[in-house]
Each structure stands twice: as C-alpha cells, then as structure tokens.
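Enquirer: The residues making up each chain are set out below.
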Amino acid sequence: MSIMSYNGGDVIAMMGKNCVAIACDRRFGIQAQTVSTDFDKIFEMGPKLFVGLPGLATDTQTVAQRLKFRLNLYTLRENRAMKPKTFMSVVSNLLYEKRFGPYFIEPVVAGLDPKTNEPFICSLDLIGCPMVTDDFVVSGTASEQMYGMCESLWQPDLGPDDLFETISQALMNAVDRDAVSGWGAKGYVIEADKVTIKTLKARMD
Amino acid sequence: MSERYSFSLTTFSPSGKLVQIEYALAAVAAGAPSVGIKATNGVVIATEKKQKSVLYDEHSIHKVEPITKHIGMVYSGMGPDNRVLMRRARKLAQQYYLTYQEEIPTPQLVQRIANVMQEYTQSGGVRPFGVSLLIAGWDMDEDRPYLFQCDPSGAYFAWKATALGKNFVNGKTFLEKRYSEDIELEDAVHTAILTLKESFEGQMTEDNIEVGISNSSGFRRLTPAEVKDYLASIG
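Heads up: the protein sequence lines correspond to chains Z and W, in order.
Using this note's numbering, read the first sequence as starting at 2 and increasing by one per residue.
Using this note's numbering, read the second sequence as starting at 17 and increasing by one per residue.
The hints are all genuine.
Derived pair list, reagent style DSS-like, types lysine-lysine, alpha-carbon separation capped at 25 Å: (1) Lys18/Z <-> Lys116/Z; (2) Lys65/W <-> Lys244/W; (3) Lys85/W <-> Lys86/Z; (4) Lys99/Z <-> Lys107/W; (5) Lys182/W <-> Lys65/W; (6) Lys85/W <-> Lys107/W; (7) Lys86/Z <-> Lys107/W; (8) Lys66/W <-> Lys244/W; (9) Lys116/Z <-> Lys85/W; (10) Lys187/Z <-> Lys86/Z; (11) Lys187/Z <-> Lys69/Z; (12) Lys195/Z <-> Lys69/Z.
A few chain W positions that, by computed beta-carbon distances, are all more than 12 Å from chain Z: (13) Gly141; (14) Met220; (15) Asn231.
To be clear, the hints were calculated from the coordinates, so they are not data collected in a lab.
Cβ atoms here follow ideal geometry from the backbone N, Cα and C, with glycine treated the same way.
Here chain W stands alone, though its shape is the one from the complex (with noise of 0.2 Å):
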C-alpha cells in the first residue's frame, strides 16, 4: 500500500489547510448520526443504524463494539474505516496489558489511537481515515468515566456530551440545553436516544438504534429489549 509511493498524499493548501483531511470530515459530517454521553456514574454512546431495505439482517453487525472490557467505541462515517480503527485499539490495547499487566487507561487509549489516524495524515501513500470516533471507558483506577471523541486529523477531544455525524450541530444544541453536571447513567440513556431521535427519520425502534453503556461493571452493549424498555419511556 504504502511501499510504492514515499510522498504524502495530504498536502497543504495556500490557506494553510490540510483539505484531505477537510473531506474527511466532510464525510463523517455525511455519517449516520452516533451521541455520547458523560454521567455521574458511568458513560452512554449511541449512533443509528438505519437499513436501506429490510432485508438486511440488522443484528449481525454492530457499530458499537467493545475494545476492552471497560472500553467501547462506536463512529460516524465510513463502517470499513472503522473496523481498521477497532483492530488497531483493540491491538493497542491487548499490547499494553502484555507489557503492564494492567487495563489501558481512556485517556492513553485513546492518544494511541488519535496517534494512528495521524499517522495516515502524514504516511506516503495513504488517506486519512473517513471517521470521527466516540470512546466511552470507565477507569477503574481512578473511578470514574470518560468520553473522548478522535478526528480524521489525529485531534481528540474529551467530552462532556457530543454529537456526531449528521446534523450534529442541531444534536450538540439540544445536548447543550439538557445537559447538567449530575446527571446520572439513567438519565443519560434516556437523553442519548432523545438526542438521536431529534435527526431521525421515520419510527425509532430497538432494531435501527444501538446503545452501549460504560459503568463500573464494565462496558456493554444494551440488548435490543433493553433498549425497547427505554424508547418505550420515550413514548
């Protein structure tokens, strides 16, 4: 891939930008949209997974995966992208356990990771990847939960509440209103799936979402009746 060509394909414009990687986020902004938010007590990510056609087997594939046992991610933007992202963290990860004999921390996770898609910003012969990634851990350690957002540039953020991908600026004004400092992993759900519903269209239901939770228990994602229990609550 990249042995033949030792330029990078990223270059800057007059004005300063790198505009691959401007695309990129042009086409995470394109992405269907994923939300995550930080509770008191543990932290929520969500994204909608619509079908084109009901043919689709809707709960062999998933967008929010666990990359460790404390650690999971979801995106938007580009699906095949981020199955490259997911082994690499999840590599990344299994590789600091091997040296330390201890769970990675969110926050190194994730420089790792943000360190990888800024590698392909810069390689000969490669593209920036074409997804914005949301990463909800719990540290054990320390206790308490983290969101991080990572960039096709290589930037992250830590986040409180965010949105993603489609109409994510109406998304993050909504999350800015209801947002508050307290509020807990219930209310957090509850709040996410609200936050999705804002850009969806047509019926929401457990079979075109999907929720994952990050507590002191642990990282999972929440079965399709669970989720049906809290649209349910939505009405």
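In isolation and in its complexed conformation, chain Z is listed as follows (with noise of 0.2 Å):
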C-alpha cells in the first residue's frame, strides 16, 4: 500500500496564450471504495491564482488551509496580491518545513502574475522542490498516463477554448486508465479578464 495512492486523484495544469488551465479529477475514495465524487482537490488561492493539491485527502484539505493562511497574513500585510512565482515558494517553504514528516501532496500552482497578466504554472514534490515549466505539469496516481497524453495533445499559444479541450481531453483519458481516479472531472480556465470553470462529463467509473 502506497500512501500517495490510498485516496486517489489527479491535477494537470497547463500553458496557453495569455492564459492557463487547471483540472483536477473529483474522486474521493478509500482504497478500493469511492466515497464521493465531490471532491475536488484545486482550490483558490487568489482571483487569478489556483493551486491543485493531490495524494493525501487529509492533507489535501489541510494544506489548503495552511497555505490560505500564510497566503492571506501576506495580503494584509503587504497590502499587495501574491504573484504566482512567490506563492510557489511559500508553498515549498510550508513543505519543507516538514522535510523529515512530510505532507503526502504533490502540488500544482497555476496563475496570472496580479500586475502584468503573465501566465505562470509550476509543480513542486512532496519535500517541496520546485519545477517550473512553460507547457505542462501534472501531479497525481494517474501522472505516467497524464505525461503521456499531455505530451501528445500539447501544443504552445493555445487560447482560452482550444487549451480548455486540451486540457480536458488530457485528464479524462489518463483517469480512465487508472482505477483509483476518475469519477468526475472539474477544469479551470483564467484568463486576464475573467475564470471560466466547467464541470466535465466523465466516465463515472
């Protein structure tokens, strides 16, 4: 038993032109057993910031918190949104803070910098080293298949609608090959002017 698979699920997030996408699949399950199909595992940490958070279902939800917290102490502080990069390095910080205990998440930011619009995705490990990329980045139990179709159905400048597909055709298919993801599926796409977020029809199985 893996602990990075007892619940299950999966993030991808990628680049488009003046734009990013995020999606996640909404499984909630026990080993074998699905619990819900309501669980999704991004959350919003700012009007153009999100973050995925998959692997563990406790510490899914208790990074979330944690990470809100640090996020919203620095807003009030510096009076200033928190662009995309510097939350990736609160987010490695709150990971390795617990280097030798660490939480069972394998993160993914994806943001609008709050001044210049500029799109920025990256993931981080469990220990909270960074990877920033300019194309794709994915995160979760079914993350060989998500590789494979991202690398595939990934193009560069693509906009808000063709990214949307993009993005969706590459978590569905890659959840539908791994039994412990799956079960719904949710996508995010922010733009400069406005998020978009859909609910994908998926094999509920």
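Using the hints, put the two standalone chains together into the complex.
Expert: Here you go:
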C-alpha cells in the first residue's frame, strides 16, 4: 500500500496564450471504495491564482487551509496580491518545514501575475522542490498516463477554448486508465479578465 | 539579559508618557546630524561623521550601511545600538528572502525593525534603543523610492525629506523650503549635503561626511571621490 495512492486523484495544469488552465478529477476514495464524487482538489488562492493538491485527502484539506492562512496574512501585511512565483516559494517553504515527516501532497500551481497577467504554472514534490515549466505540469496517481496525454496533445500558444479542450481530453483519458482516479472532472481556465469553471462529463467508474 | 527580569523597565508616568522613550529621543537629538531626501528617481541619505581626533582611521568604519542590495540605512544616536539593529535588519531581510525568494519590500522591512524597537520598550529588563533610523529603499516591483524614519518608540514615518540628530529642527525647516515634489536624485544629494552643512562646525570634507543613494540600480554608499565632487560643486 502506498500512501500517495490511498485516496487517489490527479491534477494537470497547462500554459496557453495569455491564459492558464488547471483541471482535476473529483474522486474521493478509500483504497478500492469510492466514497464521494465531488471532492475537488483545486483551491482558489486569489482571483487569478489556483493551487491543485493531489495526494492524501487529509493533507489536501490541511495544506489548502494552511496555505490560505499564509497567503491571507501576506496580503494583509503587504497590501498587495501575491505573485504566482512567490506563492510557489511559500508552498515550497511550507512543505520543506515538514522535511522529515512530510505532507503527502504533490502540488500544482497555476495563475496569472496580478499586475502583468503573465501566465505561470509549476509543480512541486512532497518536500517542496519546485519545477517551473512553460508547457504543462501533472501530478497524481495517473501521472504517467497524464504525461503521455499531455506530451501528445499539448501545443504552445493555445487560446482559452482550445486550451480547455486540450486539458480536458488529456485529464479524462489519463484518469480512465487509472483505477483510483476519475469519477468526474472539473476544469478551470484562467484569463486576464475572467475565470471559467466547467464540470466535465466523465465516465463515472 | 532579560532572563532575570520579568518586568519592563519602561513604565508610564502619571502624565501618560513613557519617560524612557523620551530620554531615548533626547539621546538621538544629541547625536550626529543625519538627513534623508526622496527624489523622483531615488533616495539619498547622508550623515556627519566627525571624529574627535586626527588619529582616527575614518574610512574603516561606516555609518551609512546597506541592509540589502536595494535598502540602506543611516542613524542618529548611539552607534553600538545601531549595530544591533543593523544585524537584526539584515537577518530579517534574509529570512524574508528565504521564505518568498523575493527581495523584502522597504515598508515590510521597516515594519519589522520598528517592531523590534517596540519590543525593547515593553520586554523585561531591557531599555529602548538610543537611535533613530533613516531607511532608504527602492522598490523594484513598484518602481518607486521609499524613505522611512524609525524611532526608539517603535513608531515609523514615511518622509519625503527629513533630518535627525543635532539641530534637526533647523534641518527640517531648511528642507521644507528646499524640497520640491519633482526633485531629481542629483539635486537631492546636493540639497542633502547643504542641509548637513547648516549644522556643520568647521570645514566639511569627503572624509567627515557619508552619503548613500538608493535607486533602480540598488543601494550604494558614495565613494569619498564622488562626495568630493559634490562638495566641490557647492563651493
């Protein structure tokens, strides 16, 4: 039994032209038993900043709360919105603090710079090692499958609609090849002026 | 130091004043003059560094010091107290960088230092710092200059231009007349030196004043040669 696959779950984030997209599956299970089909793993940290937290479900909830705590205090103290790159460092810091007893989460960050609207995506491992990419990041029990899908489907400079299609197909087909993932999916497309949230019609098995 | 005392030495007087802080401010007002001016494209801070004897090696110790690459500090009051705050400021700035991988914004650093100074007015067994600080910084994100003063009480003020130390009232009056919203850094340095000159006894040279500037390229202390050039232009 692996702790990272006890609950199951996946998140993808993709870079588009002046936009980013982030999507997750919605299963909450305890090993083979599916308990809920509305357990989202993506959390809003700012109007244009989202974090995906796949892994152990209890840590998904706790890390989301603790990140929001740090972000809220930062916003109040500094009187400005946190940049996605800075948020990545905050996540990294939080995770490394538990270096020898980590949170079982491999986060994905997606957002736009609050001032310049420059798109940003990154992922981190469970002890906080950050990785910034300019194409896509994946994390979860179906990561191998997601890597395959993204590598084939992704192209640079996709517009918001095309990006949504791409990320949806990549996620859905990947999680269909994983027993502990799936049971619904949700996608977010983040643009300078709006965020579009769509619940995807997926195989419920 | 504060392990034995569990009570503060700074207590209220019947009139509602914290006398220890008043005394600390008196120590500041007796200290060497320092001045700071915020320009459109940078900030200048300067101080008098008169040594009591010609035997002093003037260039081995500095009063204008960097805290980070883009924030610098000068003080009026007790030198040793300033050194303690310098170390704290530098450490606080680095701690911020460790967490956020981003240079600390000047107002954030000022808040943290001011908090340290306030702690020493309430903690057990310690006295307030006998310095007022002038902190000059350039914010890379917002592309703007900042000039702050931190007092022994822990209060902090954002200034366009100000003077501390001996004769600071006259210094501020002088600045009120000379300051304009669109002053540029070159002129600001010039004006800062002139302000110091107002309270200077004797001949001002590049060895007995120190000047630091903070702009988009960061904070740096002017070399004696550069200070000499400015002094030459004021005659």
